[in-house]
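These two chains come separately, so use the hints to put the complex back together.
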Amino acid sequence: AQSVTQLDSHVSVSEGTPVLLRCNYSSSYSPSLFWYVQHPNKGLQLLLKYTSAATLVKGINGFEAEFKKSETSFHLTKPSAHMSDAAEYFCVVSGANAGGTSYGKLTFGQGTILTVHP
Amino acid sequence: NAGVTQTPKFQVLKTGQSMTLQCAQDMNHEYMSWYRQDPGMGLRLIHYSVGAGITDQGEVPNGYNVSRSTTEDFPLRLLSAAPSQTSVYFCASSYSAPRSSYNSPLHFGNGTRLTVT
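For the protein sequence lines, the chains are A and B, in the order given.
First residue of the first sequence? That's -11 in my numbering, and the numbers climb one at a time after it.
First residue of the second sequence? That's 106 in my numbering, and the numbers climb one at a time after it.
Same shape as in the complex, but just chain B (with noise of 0.2 Å):
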């Protein structure tokens, strides 16, 4: 059982170009999000998608898109590359969307580490 996995583990990017981080998860998860963790700022939430062909935004969007074709993937873009966004991202799934009234516990990869020069 993978669980969810991202790709790649570590980018380099110059300022200026564009890649995609991938994540897919094998659980049938309706919900999945992106993170960017920062030192000190705990995790920030950047997009997140509550089922096939539904996206919506989070704290930090600018920058990023998102799209999800599938329930098992989700993938981020940055289409500019900038210094700023040089973070730790990491990808979370749950079973269902948090809610006050049920809350799934969220399962994460490992992250990618991304550095912009």
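Bound-form chain A, shown alone (with noise of 0.2 Å):
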């Protein structure tokens, strides 16, 4: 069984500011994560995706996000918002079965808003 769980309904900045967008999960084997961003009325889009290569990961837009297995967290990151940052982003995972593969399914965090003001 896998879940996800992002922490914050509704984040807030100013423009210029850091952005940390927070996501733990769970996952009985080594999980693929991925960061997707929605802007109103468009369908999601890929930010960036962890695999198992390197724990800090880096995407589209300034985006990065580091995966700690420890803390069982995939936290999303950018150093700077742009106005054009505000949208809602999902944190999703994919995880093993017990044969080492898993199969045709995702699962998706409930979503953070992020407000960017001027």
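Bear in mind the hints are in silico, worked out from the structure with no lab data behind them.
There could be a bad hint or two in this list.
To be verified - Some chain B residues close to chain A (C-beta under 10 Å, calculated; not the full set):
| no. | residue |
| --- | --- |
| 1 | G147 |
| 2 | D161 |
| 3 | F195 |
| 4 | C196 |
| 5 | L211 |
To be verified - Only pairs whose alpha carbons sit at most 30 Å apart, straight line, appear in this in silico DSS-like list of lysine-lysine:
| no. | chain 1 | residue 1 | chain 2 | residue 2 |
| --- | --- | --- | --- | --- |
| 6 | A | K56 | A | K37 |
| 7 | A | K56 | A | K93 |
| 8 | A | K37 | A | K93 |
| 9 | B | K119 | A | K46 |
| 10 | A | K46 | A | K30 |
| 11 | A | K30 | A | K93 |
| 12 | A | K46 | A | K56 |
| 13 | B | K114 | A | K93 |
| 14 | B | K114 | A | K37 |
| 15 | A | K30 | B | K114 |
| 16 | A | K46 | A | K93 |
For each residue, glycine too, the CB sits at the ideal point set by N, CA and C.
See the structure below:
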């Protein structure tokens, strides 16, 4: 079984200040983890993914996330927020089953709405 | 390059009516899936397909049917619409099915907003 918890439903920052969106996961085996972004009235777009290569993952638009196994976390950060970052962000986990592979299913967090103030 | 195309963008149904949400992708992706998005609940998987002729259920399959007769198309059918099916529906595809060893990114359509009265 696997699950994802996004710890904040809403985050509000000022333009130019750092962004932190928190995500904790639960997975019986080694997970793959993703962050997706959804702008209003649009589909989701991949920001970055972790698949057991490097624990610090860099994505598009200056975002990055660090996989911390001991804390079961995959928090998303950006050093300086831009107005165009305002959107909803989803943390996603794809876990392995007992045979060492998962197949066909991803689990989405509940989403974090990021507001950026001028 | 169209990517993932969903039609219609908006739909209003009366309880008990049936309809089909269309999804087509032009990237020759093996994997296609349908999600519904409800406030505060993230996205929940309805059905998915790992290739033509192969479909399987996700978390919330009741009230929905799918088929995959071609690689490109993956329609979602509501057999008898209920108010609980009011939601935003997303179709997503990827080169291969999600696996722990390799995960190609999902490509999403722009969604279909469905209201059932």
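Now the hints, each set against the structure:
1. G147: Cβ of B:G147 sits 4 Å from chain A, so the hint holds.
2. D161: 6 Å, holds
3. F195: 6 Å, holds
4. C196: 9 Å, holds
5. L211: Result: holds, 7 Å to nearest chain A Cβ.
6. A:K56 <-> A:K37: 14 Å, holds
7. A:K56 <-> A:K93: 22 Å, holds
8. A:K37 <-> A:K93: 16 Å, holds
9. B:K119 <-> A:K46: Given pair B:K119, A:K46 is violated - Cα atoms ~46 Å apart, limit 30 Å.
10. A:K46 <-> A:K30: 23 Å, holds
11. A:K30 <-> A:K93: Roughly 22 Å separates the two Cα atoms, so the pair holds.
12. A:K46 <-> A:K56: 15 Å, holds
13. B:K114 <-> A:K93: 25 Å, holds
14. B:K114 <-> A:K37: Distance of about 29 Å is within 30 Å: holds.
15. A:K30 <-> B:K114: With Cα atoms ~11 Å apart, A:K30 and B:K114 stay inside 30 Å; holds.
16. A:K46 <-> A:K93: OK: A:K46 and A:K93 at ~24 Å, within 30 Å.
In the structure shown, a violation is registered for the earlier hint numbered 9 alone.
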